[in-house]
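Visitor: Read off the chains here:
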Amino acid sequence: MKWQFENGIPIYLQILRKMRTEIASGAYPPGGKLPPVRELALEAGVNPNTMQRAFAELERDGLVFSQRTSGRFVTEDEEALRQIRRSLSEEIINELCTRLTHLGMGREEIRAAVDAWASGYFLSAESEKETKPERELSPENEIKPKES
Amino acid sequence: MSVLECRNLTKKYGNLTALDNIDLTLEPGRIVGLVGPNGSGKTTLIKLAQHMLTPTEGQILIGGAEPGPWTKGMVSYLPDRDFLPSWMNVDSLLHFYMDFYQDFDPDRARQMLESLGIDPRMTFKKLSKGTREKVQLIMTMSRKASVYLLDEPIAGVDPAARDYILRTIISSYSENALVLISTHLIADVEPVLDEVVFLKQGHIELHENADALRERTGMSVDGYFREVYKC
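Protein chains in written order, with this note's numbering: chain A, 1 to 148; chain B, 1 to 231.
No wet-lab data here; the hints were simulated from the structure.
Among the hints, erroneous ones may be present.
Cross-link-like lysine-lysine pairs, in silico, DSS-like; alpha carbons within 30 Å at most [to be verified]:
(1) B:K47 with B:K144
(2) A:K2 with B:K72
(3) A:K2 with B:K144
Which chain A residues face chain B? A few, computed with CB under 7 Å, are given here [what the hints assert, rightly or not]:
(4) V46
(5) N47
(6) G120
A few chain B positions that, by computed beta-carbon distances, are all more than 10 Å from chain A [as the list claims (entries may be wrong)]:
(7) T25
(8) D99
(9) G130
(10) D222
Backbone N, C-alpha and C fix where the C-beta goes; we use that ideal spot for every residue, glycine too.
Please build the complete structure, drawing on both the sequences and the hints.
Guide: Right, dumping it as structure tokens:
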């Protein structure tokens with residue numbers, strides 16, 4: 001499936017954002033090997049040089065390192081991963097606040113709305129978790145309830 | 001090191017000036033979009049590079065040499081119309097290309113034909129228009145050339161086949177090759193381009209890195225094109 005790109009934003013920046021998100025979320029796990037530039041370029045439907053440029057930025061940020069012969073790997077540096085998660089979440093929160101302010105909501109109103117939404121969201125997410133394990137009853141797969 | 005260079009290149013057809021004193025340098029390893037409205041000189045430029053036309057003034061150089069039989073060995077050209085002998089079947093076209101071009105890779109071509117579900121026993125002229133275009137593109141991209149000149153490669157095919165063709169272009173050009181794609185379907189081609197060249201009435205309006213253009217204008221290349229060529 002080809003990746004979708006927005007108009008007016010350099011494609012390498014959009015790739016960079018997607019790769020950062022996948023690294024932060026663990027879709028590309030710490031220490032894991034990344035696919036070769038050409039292969040990802042093909043998957044995304046973009047120019048290999050554009051993909052290369054995004055990879056170079058990831059390397060400069062310390063999220064990815066390359067080993068001369070064996071390819072590129074995701075960093076195992078916890079601090080770098082924490083930082084990327086923080087900066088991505090700030091971007092999302094910033095966008096949320098900007099848009100809600102635009103709707104005419106104030107600070108307290110936004111906070112209350114997010115709180116109300118979050119408590120409902122995590123409640124339903126947890127109940128889903130509890131019903132799922134019934135299908136795989138083997139003890140290794142057992143999901144322990146979260147402390148707290 | 002440039003692989004395609006125009007120096008003060010002018011082409012006139014009688015009183016009509018198709019290209020007016022253009023300077024252009026293109027590097028290997030890039031995919032370049034050649035865009036402009038109908039009649040802006042795209043096909044003229046490509047035909048000059050392929051020695052199907054000769055300059056009125058100035059020069060065009062391929063790998064430092066003037067176009068001729070020797071540069072055709074390093075240039076793979078896809079015209080904007082049917083150009084293969086229509087009575088041949090696809091398999092004999094493969095042999096035809098093997099006879100003509102040392103750099104033609106028949107295995108690669110067969111593999112692409114198969115993945116598009118094209119039967120090599122079919123006679124070329126009995127294929128649909130879109131399928132003929134696919135076959136021609138496969139032949140063109142199965143050469144290991146230094147320069148690919150693709151004149152409107154996706155105009156006649158459906159969107160799914162367009163994606164396949166663009167992926168074929170990305171996957172088959174070598175890192176030392178130049179791919180020059182003339183098109184007015186910019187939105188489809190945009191993500192695969194390194195650079196764009198805008199032609200306007202025989203002049204070069206703009207030659208820029210595609211991402212730099214998106215950053216500078218806050219528009220897609222397609223959106224910017226519509227702005228520049230507003231009727």
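Visitor: Now look at each hint and say whether the structure bears it out.
Guide: Tested hints:
no.: 1; hint: B:K47 with B:K144; in the structure: holds (20 Å)
no.: 2; hint: A:K2 with B:K72; in the structure: violated (34 Å)
no.: 3; hint: A:K2 with B:K144; in the structure: holds (26 Å)
no.: 4; hint: V46; in the structure: holds (5 Å)
no.: 5; hint: N47; in the structure: holds (5 Å)
no.: 6; hint: G120; in the structure: violated (38 Å)
no.: 7; hint: T25; in the structure: holds (17 Å)
no.: 8; hint: D99; in the structure: holds (31 Å)
no.: 9; hint: G130; in the structure: holds (19 Å)
no.: 10; hint: D222; in the structure: violated (8 Å)
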